[in-house]
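Chemist: Spelled out, the chains give:
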Amino acid sequence: MSFDNLDTLYRQVIMDHYKKPRNKGMLEDGSMTIDMNNPTCGDRIRLTMKIEDGKVSDVKFDGDGCSISMSSASMMTQAIKGKDVDTALAMSQTFSLMIQGKEYDDEIDLGDIEALQGVSKFPARIKCATLAWKAMEKGLKE
Amino acid sequence: MNPYEIRKLFPILDQEVNGQPLVYLDSAATSQKPAAVIEAIEQYYRGYNSNVHRGVHTLGTKATDAYEGAREKVRKFINASSTEEIIFTRGTTTSLNTVARSYGGANVKEGDEIVISYMEHHSNIIPWQQLAKEKGAVLKYIPLQKDGTISLDDVRATITDATKIVSIMQVSNVLGVINPVKEIAKIAHEHHAVMVVDGAQSTPHLKVDVRDLDCDFFAFSGHKMVGPTGIGVLYGKKELLEKMEPIEFGGEMIDFVGLYESTWKELPWKFEGGTPIIAGAVGLGAAIDFLEEIGLDNIERHEHKLAAYAMEKMSAVEGLTIYGPKDAEKRAGVITFNINDVHPHDVATVLDADGIAVRAGHHCAQPLMKWLDVSSTARASFYLYNTEEDIDKLVSGLVKTKEYFSNVF
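Residue numbers (our numbering), protein chains in the order written: chain A, 1 to 142; chain B, 1 to 409.
Next up, chain B with everything else stripped away, as it sits in the complex:
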């Protein structure tokens, strides 16, 4: 794949920021959108906007077909068995909260354990904290190795027969590490716990197969994988979803409504109360088409290459610390770093003056920041439209940042 050709498909990248060509290195926060996705959403609103699963009119049928067609695309994309297992949500956060409240609410009791890791995003920490508090359950953290990876020995030592839920991110939004979620799922199942995978940072970058991972739930967001914001997915194994109660009640999700009792639709609609995010689903479908045309394998290879190149170039900058594993093969296209004596906000402001967009802060992972013993970091994250030239600009921007701050002092 040629990232220079791919770039041209993303209209937003063709602009100047602060008088410099935009170098977008914040895709782990949100990815940019190709014209194909923007147009699919526009076509929906211009051509067939209508509510789904109601009414008999033609536009309604078109909208329903597009919405359910997107569900089938998602099913294929993550290799689920059936579209009954694909629930559209607002994003990864909503998906994880749904598992915590519905499955956790019914299955976690006092003294039970919920296992997560130190590297989790807040969205994969707080729903479990709340659940543990409510139920009197114990929240346990799998520790990290020195290089920020998870060892299976630690997983085995943390998960016990009292563990009911294990929830781990597949790819870290800070360290870039790819976690062995398939192996962790196996250990969880040996103890009859369910395995939840936070796929927010993996689905954009590598081929996901939920049946191969044998996870029980898998959550991800559209906006990190060239799709729109406001749409996400919760995958769940059918036999689990069937037994679970909805957490939102209202229109769309009902079968029969009486004065004092109601019944729910079948899967997946019983979890989709209210008018769904139709345009978002259409956009997500277009995003999946786009990614599959390029090929997730190609995207993953491109990112490994960029990560290796960036690790090499950035390691050469004196006074720069990179967090996480040094081996580029172990990581996705995310590099979190700090420069001696320059606060990450200041790094980000100076880079921004050069048209380079990076993230600075705690990356919604305060427990991990504590583990790294830093209050915040800067992060550059790469995607299919980034090039080695972007990394060269980043590195020269970092050198200039150092110079600038040594001069003003």
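Isolated chain A, as found in the complex:
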């Protein structure tokens, strides 16, 4: 088995977020709740966000899914917490390009999230990685 290849997908930091998800749960005083499913596989996510003065002041996610979708959700919440809405949306754009294996602007620092770059080599799993980000975009654009 080509475990080397798998290691580009299942990076240590990803498994860490999968096993110990950050910002897991529901915000009691959240101002928005977004539910999203991946209809092809049954993964689902509920994102609660609190927006104050144009910033994502707090965010939590709950849901059920594979290592890629759940770790991506965990990293996403960590990345956007405290950021301007516009910055969060710009990160989402960058993430979308990265995950598809396209050129992206590296001025925006994605931090841990760059570990998900390997997903672009596994086309069947790209939708897993983008679920939480799509939910976030949907919420912030409303």
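Since the hints were made in silico from the structure, they are not lab data. There may be inaccurate statements among the hints.
[Stated by the list, open to error] Pairs of lysine-lysine, DSBU-like flavour, derived with a Cα cap of 30 Å:
(1) Lys55(A) - Lys121(A)
(2) Lys313(B) - Lys186(B)
(3) Lys81(A) - Lys19(A)
(4) Lys73(B) - Lys146(B)
(5) Lys134(A) - Lys393(B)
(6) Lys400(B) - Lys19(A)
(7) Lys238(B) - Lys19(A)
(8) Lys182(B) - Lys127(A)
(9) Lys19(A) - Lys393(B)
(10) Lys127(A) - Lys370(B)
(11) Lys50(A) - Lys81(A)
(12) Lys141(A) - Lys20(A)
(13) Lys370(B) - Lys20(A)
(14) Lys402(B) - Lys121(A)
(15) Lys19(A) - Lys186(B)
(16) Lys238(B) - Lys182(B)
[As the list claims (entries may be wrong)] Covered by chain A, per the in silico footprint, the following chain B stretches (three or more residues, Cβ under 8 Å):
(17) 340-347
(18) 359-366
(19) 369-381
[Stated by the list, open to error] Here are some chain B residues the structure puts well away from chain A; computed CB gaps all over 12 Å:
(20) Ile12
(21) Ile38
(22) Glu39
(23) Gly47
(24) Tyr48
(25) Asp65
(26) Arg75
(27) Ser82
(28) Leu259
(29) Ser262
Ideal placement from N, C-alpha and C gives every residue a C-beta, glycine not left out.
Based on the hints, put chain B in the right spot on chain A.
Modeler: Just chain B, lined up with the frame of chain A:
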């Protein structure tokens, strides 16, 4: 039958995936195609592609003969009384929708009941949900036993005199169980309801006899039984089909067209609006020839054997849960499972790195997933070209998956 010889007849199986020989265990999603089927389709397009039932020219006659010849093969394959009862469709989904819209549209009224089961595929749920909503009818679900089977007592308790349609899958695409559709049809008929059978997962694997089952409608797809995608069949009893209205109108299905009124062709063509899936029908005919040469009885026996072998080997893997009946005799070659603490997508990705193709997800059966209390599962499904060696590779892949995930944590 020798699966190692049969494998050689399927060109696609002779390849490497991710540097490993392909082990294809996803036939319940779609089966692979033997060279004979691929060649029949190629010969049609190279040699006699032409529209059917029109024109006088030679190619047109050849194409019509092949298309109608395929219909006769289907008739024999499921032992229908006449080719008037064999309607070509796009697949099981279209077949079931045709019954729901045409028969259901005319015969189901407010307060009537439609009965299905918890294990149905979405294609045998949503057409009935839509019909029930439109008509104000009640959609009822037959519950499942602990092992995922259907008990006839529950069937008797669910079907009433208000039931107009009962629609059940013959073989489950998730649990692999073989349902007693003949007995269910009898109960449905005692209450003057029609019996619809979703045969998508049964026709590839066991001998179907629609007259013996005494079902009123039977739906299946070509692509799950070594035929091409895009072709399926709706069987219906002639006396029912005759009274039903087409749901698609246009060319091919008409008898006479006036400015404000038209009349339909006779059966089965009144249900086949538009240029039909000619190459698909030719391919399906070749698939039937192929399966019959090997023998459905032999295929069924081979799959039971593989299922029993897989159940035994997989049960020995610690932390692995298999859903559905434990008795291999009760099931076709479908095994749905989960590994503790590893999500089925991750299982499928790790197996894929080893060249092993399995399905992960909800298998188009979300109500069943809810009943099993899981969000998704992994599934290995076997067919005539699979061998015990394939199962050994699967099992060793599963052991490696467990190891891999315990290491990365």
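Chemist: Against chain A, does Ile12(B) keep a CB gap of more than 12 Å to every residue?
Modeler: Correct as stated: the minimum Cβ-Cβ distance to chain A is 18 Å, above 12 Å.
Chemist: Quickly compare the C-alpha distance for Lys238(B) and Lys19(A) to 30 Å and report which way the hint goes.
Modeler: 59 Å, violated
Chemist: Is it the case that Arg75(B) keeps its Cβ farther than 12 Å from each residue Cβ in chain A?
Modeler: Nearest chain A Cβ is 36 Å from Arg75(B), so the label holds.
Chemist: Are all C-beta atoms of chain A more than 12 Å from that of Glu39(B)?
Modeler: 31 Å, holds
Chemist: Starting from Lys55(A), check that the Cα of Lys121(A) is at most 30 Å away, please.
Modeler: 33 Å, violated
Chemist: Just want to verify: Ile38(B) was marked as not at the interface with chain A; is every Cβ pair farther apart than 12 Å?
Modeler: Holds, because the least Cβ-Cβ distance between Ile38(B) and chain A comes to about 25 Å, which exceeds 12 Å.
Chemist: Counting residues of the region 359-366 of chain B with a beta carbon closer than 8 Å to any beta carbon of chain A, are there 3 or more?
Modeler: Holds: 4 residues of the region 359-366 of chain B have a Cβ under 8 Å from chain A.
Chemist: Sort out whether Lys393(B) lies within 30 Å of Lys134(A), counting only the CA atoms.
Modeler: 37 Å, violated
Chemist: Lys370(B) and Lys20(A) were given as a pair; does the straight-line alpha-carbon distance stay at or below 30 Å?
Modeler: Status holds; Cα separation ~26 Å.
Chemist: Quick check for students: does the CB of Leu259(B) sit more than 12 Å from each CB in chain A?
Modeler: 45 Å, holds
Chemist: Hinted pair, alpha-carbon criterion (30 Å max): Lys402(B), Lys121(A). Please report holds or violated.
Modeler: Measuring from Cα to Cα gives roughly 22 Å; hence the hint holds.
Chemist: Below or equal to 30 Å on CA atoms is what counts here, so check Lys182(B) against Lys127(A).
Modeler: 42 Å, violated
Checked against the numbered hints given earlier, the structure breaks hints 1, 2, 4, 5, 7, 8 and 15 and satisfies all the rest.
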